[in-house]
Amino acid sequence: MLPPVFGVLFDGIAYGMLLFVLSVGLSVTLGLMNFVNLAHCAFAMLGGYLTATLVNDFNWSFFATLPLAFIAAATASIAFERVFYRRLYRAGDLDQVLLTIGIAFVSVAIAAYLFGTAQQPIQTPPLLRGAIDFLGLSLGKYRLFLIAIALVVTILLVVGIEYTRFGAQVRAAVDNQRMAGGLGINVERTFAVTFALGSGLAGLGGALAIEIVGLDPNFSFIYLVYVLIIVSVGGLGSIAGSLAAAILIGVSDIAGKYYFPELGAFLIYLVMVVILMWRPSGLFGRR
Amino acid sequence: MKRSLFAGAALLAVVILPAGANAQIKIGVINSYSGQFADTGAQIDNGIKLYMKQHGDTVAGKKIEIIRKDTGGPNPDVAKRLAQELIVRDKADILAGFTLTPEALGAASVSEEAKKLMVVMNAATSIVTTKSPYIVRVSLTLPQIADTLATWAVKKGGTKKAYTMVSDYGPGIDAEGAFQKAFKEAGGEIVGSVRMPVANPDFSAFVQRAKDLNPESIFVFIPGGAQPAALGKAFAERGIDPKKVKLLSTGEPVDETAIKSMGDLALDRISAWHYDFNHKSKMNSDFVKAFNAEYKRNPDFFAVGGYDGMHLIYEALKKTNGNADGDALIAAIKGMKWESPRGVIWIDPETRDVVQTVYIRRVQKVGNDIVNVEFDKIENVKDPVKAAMKK
Amino acid sequence: MVPTDTISAPQLYLQSLSRWSATEIAFWLATLLPFFLFPNYLSLASQIAITALFALSLDLILGYAGVVSLGHAAFFGIGAYAAGLFSKFVWGEPISGLLVAALLAGLAGYATSFIICRFRHLTLIMLTLGLGLLAFEVANSAHWLTGGSDGLQGVRIWPLFGIFKFDLYGYTAYSYSLAVLFLFFLGMRRLVHSPFGLALRGIRENLVRMPAIGAASRAHIRKAYTIAAAVAGIAGALLTQTTESAALESISFQRSADVLVMLVLGGAGRLYGGLIGAIIFMIARDQFSGIAPQYWYFWIGILLIVVVMLLPNGILGGLSKIFARWSRK
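Protein chains in written order, with our numbering: chain U, 1 to 287; chain X, 1001 to 1391; chain B, 2001 to 2329.
No lab work stands behind these hints: they were computed from the structure. There's no promise every hint is true.
[What the hints assert, rightly or not] In silico DSSO-like cross-links for lysine-lysine, where the CA-CA straight-line distance does not exceed 30 Å:
(1) U:K141 / X:K1211
(2) X:K1365 / U:K141
(3) X:K1244 / U:K141
(4) X:K1115 / B:K2165
(5) B:K2165 / X:K1026
[To be verified] From chain X, some residues computed to sit far from chain U (all C-beta separations above 12 Å):
(6) I1190
(7) K1282
(8) K1289
(9) Y1314
(10) K1334
(11) R1362
(12) E1379
(13) A1388
[Said to hold, decoys possible] Beta-carbon label-pair distances, calculated as ranges:
(14) B:A2324 / U:Y163: 47 to 55 Å
(15) X:N1292 / U:R165: 53 to 61 Å
(16) U:R90 / B:R2325: 15 to 23 Å
(17) X:G1056 / B:W2028: 45 to 53 Å
(18) U:A168 / B:Q2287: 50 to 58 Å
(19) B:Q2287 / X:N1292: 28 to 36 Å
(20) B:A2142 / X:L1213: 25 to 33 Å
(21) U:P3 / X:G1158: 27 to 35 Å
Ideal Cβ positions, reconstructed from N, Cα and C, are used throughout, including at glycine.
Work out the full structure, taking the sequences as your base and the hints as a guide.
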């Protein structure tokens, strides 16, 4: 029998995994393309609303909506990349901030207009409800599912970037754009695809998040802070970094609240400030 | 100097010239229509609109005009400015709305200075009505609920030991204080308590702490929104069963959205609240039906606040024959009593605060639906904080 | 006495910068227009002036020293609460309240500047964000002092100079806020056109090279950050005094983000950028939210997108570029 604190830690890890799926896309676009996309969570929200609508109004299976949430957010992001983002790759950070904040504002209003301001409740399939007993701990099935998805995403990303031709192109384009272009790599297209993948993951994260943190039009902003924390603590562009940061933040937050509830609200921020002062480029940052 | 003299003269003109000079009465509604509390503002607004649709937009020969203003959240400075502008620029006769306590507190001094009736349709901190003699509240005070629930829990609910979990902000601290005080006064014992951050997406750590103490009952206050469902699921995952440990709360943690999202996990939770769309009365079922026809969702306590607030304004104007002067209206309002969708409510003439029935409910399965079912009630509950202040 | 012909080129350059142009004078005269043209909008005008001062303080560190802060509201909030508590526990005289607020916010700025000056880029942004959020949580948990989320109660401000009462119309509030804004604008203008201001710009352009020419970059950043914090504190105090309220919102992430958006919208590093940004953003928000209280975010968002697409580097940056191109033709 394990003491109950392990159950709490397990919840922390699962929560961290959710943050990981939400934020890894931003880490990649910010790290690889140097583009500050504060509308990242707007793409997550898009995935969330798609899943909520399909499950609640069209009786789709929750599982079937997940790939769609990914595809929808990825497709939308391609459109945005073409129309807006591409023109600002070389502009200053501040212009990128202004543009993407503007897009996030618009997304909040559109979500409120289309879906109303109320929370979107969602009933997950029976398979994911309840908990499993393991050595005296009760482990939520949905949380196990989150951890499994995050692991799959991590493996796919690592394999995709380290071992595929496309991954090699991305790495080349990041290291030296001009050189990569000179070698015949279509840098623009590579970036567009990377961007779409990152946003698609956000969409998936948004769909997965409903069960844990709910969904309303302010999602675009509420989770932005958490996502930025994961990205900066993990180190820009590092998938392993994001994973480590997400686990660290999730676990320290929840364990901290268990032992020192008075510090509850401060913990996430304290951990971030301390880590960044110790390692300014994040746990796995290169720059 | 000249300028402030001029301003004073202009203000005097606004105040002295009766608004009845024109055949219109303007109500400035200040709410959080955007941001985190947008849904609250939207539901209050739905209540206002439904009332006006049902009762027409003319009272005592005066046409009622609504001017909506958005504070964007708990901003007293914005609320104060909007109240000033409504009175100075738009010549509003009545202020109404007030989703959140800071908004109401910000606007209070304006209502006092301009002598305008101010109808609080939600903001639930006790002290709000004491900040201006022209404030009247139709919603609730949080201690009204928490105090009643605590006394009921000890005397009738069969629990003598409770643990409290509240959100660490104004209303949460109020609820904690009221519950603990009343619980102890009734002979119960508080075995522990915790305050949780307002922006708190995951509750398992706090729930585990509560479970470690193995309490007979747990009292919960958290704001509506995404958190109630998250907390409910945390209770289930950490193995706290509402059948064995009494889970007591105000209405928000078991509101409609939360129950929908929790499903069977919500069963047997007990709460005290002043309104639920499932309340059994002819008036309420008509109200719920009309509300659904208009807005395709059920009303909640915010919507009822807006609806009753408008009723109060309409009836007061009828009494004063269309005179929108603050003193006349506030005199007309004191002691006013009417049937609301939540049951009979009235305005305490001494405090200008609402007096109402608090219902004790249990989450149950009725047919295929999981809803709050009322099984006990305490009538004529006044705000305990102001009652204690008087002593 | 230094003979004029020995004044060096840099000094001449700075002098030419600090000369008042007709546009500038026209701008400041125009700030008096609300008294005559829109006497019903003076409360809004007063809050715009306060926000403009806040944006101006951010401009000093962001536009000149390149320190992007997402936690600047911490100082605004410290000033707001300092002024509120001062009026509650000491006395309600406004000018002394401003000074106390500036002192406390400046001290907080000085203390944190030792952290700020050591970092750049995303790390710096996230540190300011983290410190700002921590300040918010401290204010929330110090419920006994700040009133928590209900806001500070019992703020009572005496009439300005013992004569001018803060009235419903906002005459006193706007006069007071505008006067303070103008005073600090003068100071800030003097500051950025001094050799110190030039050094800050050097830091913004190239942090690594500045120490190589003997500039004490970190000390400069610390100084600028402290000044910016004090001025932000004054803006916060003004808001408390003109509205007789102080709330957690004054210290929130939202306020930090809003002021950053306003500054960037107007154009950072140009002194007037923050002022123009605050004017446009707040008027647009007031008008849009009057028309569509639930959906005004949409229009504000469109405004931001359009500005970025048509006028890079903010409204002033974009306009000056267009103007330069046009005058070259």
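Distance restraint hint 45 to 53 Å, applied to the beta-carbon atoms of X:G1056 and B:W2028: With a Cβ separation near 51 Å, X:G1056 and B:W2028 satisfy 45 to 53 Å, so the hint holds.
Consistency of the no-contact label for X:K1334, given chain U and a CB cut of 12 Å: Per Cβ check, X:K1334 is outside 12 Å of chain U; nearest 35 Å; holds.
Beyond 12 Å from every chain U Cβ - status for X:R1362: Consistent with the label, X:R1362 stays out of reach of chain U, its closest Cβ about 20 Å off (over 12 Å).
Beyond 12 Å from every chain U Cβ - status for X:Y1314: holds, 27 Å
30 Å limit on alpha-carbon distance, applied to hinted pair U:K141 and X:K1211: holds, 20 Å
12 Å cut-off, C-beta based - X:E1379 kept clear of every residue in chain U: holds, 31 Å
X:I1190 and chain U, when compared Cβ to Cβ, separated by more than 12 Å: Consistent with the label, X:I1190 stays out of reach of chain U, its closest Cβ about 16 Å off (over 12 Å).
Restraint status (C-alpha distance of X:K1365 to U:K141 at most 30 Å): holds, 24 Å
Straight-line alpha-carbon gap X:K1244 to U:K141, limit 30 Å: Between X:K1244 and U:K141 the Cα gap is close to 23 Å, so the pair holds against 30 Å.
Hinted pair X:K1115 and B:K2165, Cα distance within 30 Å: Distance of about 18 Å is within 30 Å: holds.
28 to 36 Å as the expected CB spacing between X:N1292 and B:Q2287, which holds or is violated: holds, 34 Å
Assessment of proposed distance window 27 to 35 Å (beta carbons of U:P3, X:G1158): holds, 31 Å
Comparing the model with each earlier hint shows no violations; every hint is respected.
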